[in-house]
Amino acid sequence: MDARRGSEITMICGTNNTGKTAIARQLVIKYNKKRDILEKKNKYPSNYNKLIVYDPQHAFQDLMREGDVNLDMADKEWEEKVLRYRASLVVLDDYKELMPNDRLSDGFLKLMSARARFGLDFNMITWSPKLIMPRLEIFINKYILLKVNSDDKEFADRIAGDKPTVIGIKNSLNREFMRYTDEEYKKLYPNFPFVFWDGARNKAMKVNFKNK
Amino acid sequence: MENFNRPENNDNVPELDNVGNVSFDEVAEIYDYEKMGDTIEEELEEFRGKSSIEQREVNEEVSNGFSLDALDDVGEGVNVGIREEEGEIEEEEPLEEYFSSAEFMIWLLELALVWSTNFYLKNQELDKISISEFEKTKTEQRFLVKSLAKVLRKHNTKVSPEMELLFAIGSAYGMKIKGIIKKQRERKEEDLIKHKKNSAKIIKISPKVAVKEKLKTNIEEYNKKEIFIFDPNGIEKEEEEEEVKSNGINIIG
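Protein sequences, first through last, are from chains A and B. Just so you know, we're using my numbering here: the first sequence kicks off at 48 and counts up by one. Just so you know, we're using my numbering here: the second sequence kicks off at 153 and counts up by one.
These are computed hints drawn from the structure, not numbers from a lab. Check before you lean on any hint, since a few could be wrong.
Said to hold, decoys possible - Calculated pairs, BS3-like style, for lysine-lysine (alpha carbon to alpha carbon, straight line, at most 25 Å):
hint, chain 1, residue 1, chain 2, residue 2
1, A, K177, A, K157
2, A, K250, A, K234
3, A, K210, A, K200
4, B, K340, A, K90
5, B, K202, A, K88
6, A, K87, B, K202
Stated by the list, open to error - Derived DEER-like restraints, expressed as beta-carbon distance ranges:
hint, chain 1, residue 1, chain 2, residue 2, range
7, B, K346, A, D122, 53 to 63 Å
8, B, E198, A, E230, 47 to 57 Å
9, B, K340, A, E124, 24 to 34 Å
10, B, E262, A, E124, 19 to 29 Å
11, B, T291, A, L156, 56 to 66 Å
12, A, A247, B, D184, 10 to 20 Å
13, B, D190, A, L156, 18 to 28 Å
Unchecked claim - To be clear about the criterion: a stretch of chain A counts as covered by chain B if any three or more of its residues have a C-beta under 8 Å from a C-beta of chain B, and this derived list gives those stretches:
hint, region
14, 161-170
15, 241-253
Glycine included, C-beta positions come from ideal geometry on N, C-alpha and C.
So that you can see chain A by itself, here it is in the shape it has in the complex (with noise of 0.2 Å):
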């Protein structure tokens, strides 16, 4: 079965300057290969293949291209901003600045309902998984998991999956941040080592970890 856009949702977690955003950044590169890819096929309504996001880092503005949407935290009715678009891809770098209250708004709720008939996928970037909102843990199925802080109980609570596997995978960051100092991790960049968690298959990825 092929797969189809609209119904990703991908958290990408990880602890301060561990490259959350730079790995966003690196996906938003791909798709921007590849809607140029879908656009040089066929021609797409002006509100399709667009990338949206929550940048209060200015991290992605080189990476935007015309008609492409920024969010503002300001703007109470973002979901319904979002609604307008199909076939995108919304970014939301700490995505718990546009949600700041503990419950899901009515606004997001009707986003999730109606992300994958109108092919929205959403990564969303947060520094520590106690900020994933309980009730949102049951739409993400995948997740890039850079080192954390939490405890294990923390991690496997709000990280989808086999417990002792999601454990694993935390161990498994931490033991291979330790491996550099502060410098030789920032010479990584772009390429930091990271874990790509499927919850639903609970199948793992290790992604430019040194200890192979």
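On the provided structure of chain A, position chain B as indicated by the hints.
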């Protein structure tokens, strides 16, 4: 029960040593979609079936947010246009539209007002009220009478003799009000001139000089620092000088 508080770097800690290391591209391939969802595919097929002009129109609509603002209810909004085309949504008839409009409600309210006023005034001895008596009444009452007269006149209501009197009173009082406003405005202008006169340098000139120098003496000049005012004494003096000159010429001639 599982123990989640395992210490880190312990030998018993499970790790992913058996998991292979892959390149970033392999992860990116997971997101490399060719296919879209059915709804999207249908929308795209519809779009591609249109002519380039129609496609441009769709894009303009999208960029203007015209079609998008209809998305109050997800899914419903998108289908409204389609259902309209199929004729599922019937347009309101003009008459129904009028009855549901605000204009109609205002008309109904005014009609009720006219009727109740007629009813109320019939029970009053309005024919005994003179204009002078009317002027002595309270401001609110006078305002009410004028407002009612306005509404009644607007609807060309066939009015009783009492109402005729009411009109007469209203219009008479209205004229008086106009006069007061005019007087107030004049007084304001006078005050302004007075104020300007006190604060600006006044140069008295004769009308001839004013014409020669192309000076204006209207209100616009008050915004400037110098004001030119016609001086009647100056006119008389000029006339006398002219007479003397002409006499002189006659003598010489």
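How the hints compare with the structure:
For the given pair, K177 of chain A sits about 23 Å from K157 of chain A by alpha-carbon distance, which is consistent with the 25 Å threshold. Note on K250 of chain A and K234 of chain A: the hinted pairing is violated, with a Cα-Cα distance of about 29 Å set against a maximum of 25 Å. Our distance criterion of 25 Å between C-alpha atoms is met by K210 of chain A and K200 of chain A, whose separation comes to about 9 Å. This hinted pair does not check out: K340 of chain B and K90 of chain A have alpha carbons roughly 69 Å apart, beyond 25 Å.
A threshold of 25 Å between alpha carbons decides the hint, and for K202 of chain B with K88 of chain A the separation of about 17 Å falls inside it, so the pair holds. About 18 Å separates the Cα atoms of K87 of chain A and K202 of chain B, which keeps this hinted pair within 25 Å; it holds. Our hint of 53 to 63 Å for K346 of chain B and D122 of chain A holds, since their Cβ atoms are close to 56 Å apart. Separation of E198 of chain B from E230 of chain A is about 55 Å and conforms to the stated range, judged on CB atoms against 47 to 57 Å.
Taking the beta carbon of each, K340 of chain B and E124 of chain A are about 50 Å apart, not inside 24 to 34 Å as hinted. Our hint of 19 to 29 Å for E262 of chain B and E124 of chain A is violated, since their Cβ atoms are close to 40 Å apart. About 58 Å separates the C-beta atoms of T291 of chain B and L156 of chain A, a value consistent with the hinted range of 56 to 66 Å. For the hinted restraint 10 to 20 Å between A247 of chain A and D184 of chain B, the CB-CB distance of approximately 19 Å keeps it satisfied.
Take D190 of chain B and L156 of chain A: their Cβ atoms lie about 22 Å apart, and the range 18 to 28 Å holds. For the region 161-170 of chain A, the stated coverage by chain B is satisfied: 6 residues place a CB nearer than 8 Å to a CB of that chain, which reaches the threshold of 3. Under a criterion of three residues with beta carbons nearer than 8 Å to beta carbons of chain B, the stated coverage of the region 241-253 of chain A is upheld, 5 such residues being counted.
Checked against the numbered hints above, the structure violates hints 2, 4, 9 and 10; every other hint is satisfied.
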